[in-house]
Structure formats: C-alpha cells, structure tokens
Amino acid sequence: MRVARIACPRCWQELHDAGRNLRCDGCREVYPVARGIPSLLVGPPATWEELIRTLDWEMQRHPWVVLKMSVAACTWLPRARQRLLRSLPIAAGDLVLDHCTGRGGNLPGLRRAVGASGGIAAFDLSGYGLAHALRTVERAGWQNVRLQQADAHRLPYLSKTFDAVIHFGAWNQLASPERALEEILRVTRPGGWVVLLDEGIEPKLRRTLWGSLLQWANPLFGCDPPIALLQAYGMRPEVRWVVRGMFYEVRFRTPV
Amino acid sequence: MPISEELLKILACPKCKGEVVLTANQDGLVCHACKLLYPIEDDIPVMIIEEAKPL
Chain P
1 MRVARIACPR CWQELHDAGR NLRCDGCREV YPVARGIPSL LVGPPATWEE
51 LIRTLDWEMQ RHPWVVLKMS VAACTWLPRA RQRLLRSLPI AAGDLVLDHC
101 TGRGGNLPGL RRAVGASGGI AAFDLSGYGL AHALRTVERA GWQNVRLQQA
151 DAHRLPYLSK TFDAVIHFGA WNQLASPERA LEEILRVTRP GGWVVLLDEG
201 IEPKLRRTLW GSLLQWANPL FGCDPPIALL QAYGMRPEVR WVVRGMFYEV
251 RFRTPV
Chain C
1 MPISEELLKI LACPKCKGEV VLTANQDGLV CHACKLLYPI EDDIPVMIIE
51 EAKPL
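Just so you know, the sequences run in chain order P and C. The opening residue of the first sequence carries number 1 in our numbering; numbering runs sequentially from there. The opening residue of the second sequence carries number 1 in our numbering; numbering runs sequentially from there.
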C-alpha cells in the first residue's frame, strides 16, 4: 500500500507501508509505527549548522515568547529569576557550571554568588545566545566567567570539576535527558549540587484558568519534573514549584 | 577575552574527555588523542565534535 501525503523527512521521497514500519523509496530509511502513529524523526540533525541555526532563531524569537508569556503571567519574571538565583546552594569561591546558559541571563546572579574568588563556566549550543552573553561578560569585566559553545549531551569538561551545575530553562527540550544527566553527574564533584529548573506547572494548578493560560502561552508548561529519571540514576531529588507554581525546580546532591 | 589558564584546567575534549591544549597562535584547542582541533571563534571555544577539524 502506498502511503499518501507523508514524505521522508530526510530526502522527501515517498514512503511505503512495510508492515510495522514505513520505508522510504529513496534513502531506504525505516520509520517505526506505534499505535498507528508513525515516528518520522531522523536520528541526528541533518547538519549541526542546521541545528545551531534553528536554535539561534529560537533565541532571537525568545523576547517575543517572553512577551507572550507576560500577557498571561504579568511582568515579574526577571525579578523572580534573581530571587531564584539568590536561593541556590552556591557559596563564594565555588566553581559553577551554567548549563545551557542561553543569552546569559543567569550570569549576573551567579557571579554575585561566587564572587571574585570563584569561577563560572557557561555553555550553550547557540552562537547567537553566546554572543549576547559575551557582551554581558565583557561589559561587566568579569575575568572569572568563561563561555564555551558545546552540546549538553557531550560536555567539554573534565570529570568531577564543578561544585554546582545550574540549569535554567531548556531541560524539557533536550534530545536525550538521560545522556545530558550522565554528563552532568560526570562533571559534578562528589557531594556537589545540581539544580534543574524548567517550565512545568504545579499539578494542582493545571486545570485552573491560570494553568490553561500558561499552557496556551507555551505548551512546555505542561511538562513534568524529571523525578523518575533522577531516581533511576540513584539520585534523591527534592522538587518544588516556584514563581507562582509555573516552573519546577529539582535539586539534589551527587553521592559522596 | 583570551583563554585563561583556569579555563584550560577544566576544559576537556567532548569526545574522549581527555586534555586539550591551546594552539601556538591561540586560535584553537587541540586534543592529541582524538587528533581534533576545536576552533576558538570570537573568544568562545567551539567544543562541538562535529564542528572540530581533523588534524
């Protein structure tokens, strides 16, 4: 049977029904079908340039997403971020990783926390976001904040390096949270802190008007915290919902 | 913003997790084990395996 209106996302040729799979006429890629729904995902991105370009576009679009969110959630998100940063388990002199730093919005708060004696490494896949973050770092003249372009699934740091790893705002969209977590556990020193924060409304608020508005503004607010994943890796996470129940914050210490 | 000694102490090759060293003209980081050169663009090391140049 010929399947109409679906094309191979890799080469745009027609797909054929091959029992439990769809098979491409052109590149011979096979796509699984589960419960009648074909999974038309291509393993790695076509090119890294393409992925990075997509992320750059997302970053440029970010202020509009924030504006849209603000319609539903007022305008207190930046102040809320600063409050959250003050509550992190970071001490002066610590070496901290700002995991997926984006446009570097966490950097001022993290720099205040570690002081001049500590250090911050911050990475992202998006060159656009990093260029923005670099301007912040250079304007402030921070000598102990360093930026890298890197992939969360393959971190470019030595093992057991950081006193704390802080991740705000991209966990729900990682291709492989398992792989990213393994890398975080590798680079965090024993007994170090890991804090993961991302969109995800407190369960009791999901069916309220407030919860519905947030999910309209950004469907990622329907995500759950990665508790089961962390427990599967032997972690003992503490979860709380912050910023009026809009975001989950999961924090745990790595085993000593 | 040049690459600092402190940063070099914590950076590793994302492929083998081994040591990387700064090139003589400070425009990249080299992993001798993987024979890869990670470029430094606008003072930011690009530590992505697919973007690295083979030596």
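No lab work stands behind these hints: they were computed from the structure. Check each hint, because a few of them may be wrong.
Stated by the list, open to error - For the chain P half of the interface with chain C, some residues (derived, Cβ under 7 Å), not all of them:
hint, residue
1, 130
2, 146
3, 148
4, 151
5, 154
6, 156
7, 157
8, 158
9, 212
10, 215
11, 230
12, 234
To be verified - Straight-line distance between alpha carbons at most 30 Å, and here's what the computed DSBU-like set of lysine-lysine pairs gives:
hint, chain 1, residue 1, chain 2, residue 2
13, C, 35, C, 53
14, C, 35, C, 9
15, C, 53, C, 17
16, C, 35, C, 17
17, P, 160, C, 35
18, P, 160, C, 9
19, C, 17, P, 160
20, C, 9, C, 53
21, P, 160, C, 53
22, P, 204, C, 15
23, C, 15, C, 53
24, C, 35, C, 15
We put the CB at the ideal spot given by N, CA and C, even for glycine.
Checked hints:
1. 130: holds (5 Å)
2. 146: holds (5 Å)
3. 148: holds (5 Å)
4. 151: holds (6 Å)
5. 154: holds (4 Å)
6. 156: holds (3 Å)
7. 157: Since chain C brings a Cβ to about 5 Å from residue 157 of chain P, closer than 7 Å, the hint holds.
8. 158: OK, holds: residue 158 of chain P within 7 Å of chain C, min 5 Å.
9. 212: violated (39 Å)
10. 215: With a closest approach of 33 Å, the residue 215 of chain P hint is violated.
11. 230: violated (22 Å)
12. 234: At about 21 Å, which exceeds the 7 Å cut-off, the nearest Cβ of chain C leaves the hint on residue 234 of chain P violated.
13. C/35 / C/53: holds (9 Å)
14. C/35 / C/9: holds (19 Å)
15. C/53 / C/17: holds (17 Å)
16. C/35 / C/17: OK: residue 35 of chain C and residue 17 of chain C at ~13 Å, within 30 Å.
17. P/160 / C/35: Distance ~24 Å between residue 160 of chain P and residue 35 of chain C Cα, so the pair holds.
18. P/160 / C/9: holds (12 Å)
19. C/17 / P/160: holds (12 Å)
20. C/9 / C/53: holds (22 Å)
21. P/160 / C/53: holds (27 Å)
22. P/204 / C/15: Since the Cα atoms of residue 204 of chain P and residue 15 of chain C sit roughly 43 Å apart, the hinted pair is violated (cutoff 30 Å).
23. C/15 / C/53: Since the Cα atoms of residue 15 of chain C and residue 53 of chain C sit roughly 13 Å apart, the hinted pair holds (cutoff 30 Å).
24. C/35 / C/15: holds (11 Å)
In terms of the numbered hints stated before, the structure departs from hints 9, 10, 11, 12 and 22, listed from lowest to highest.
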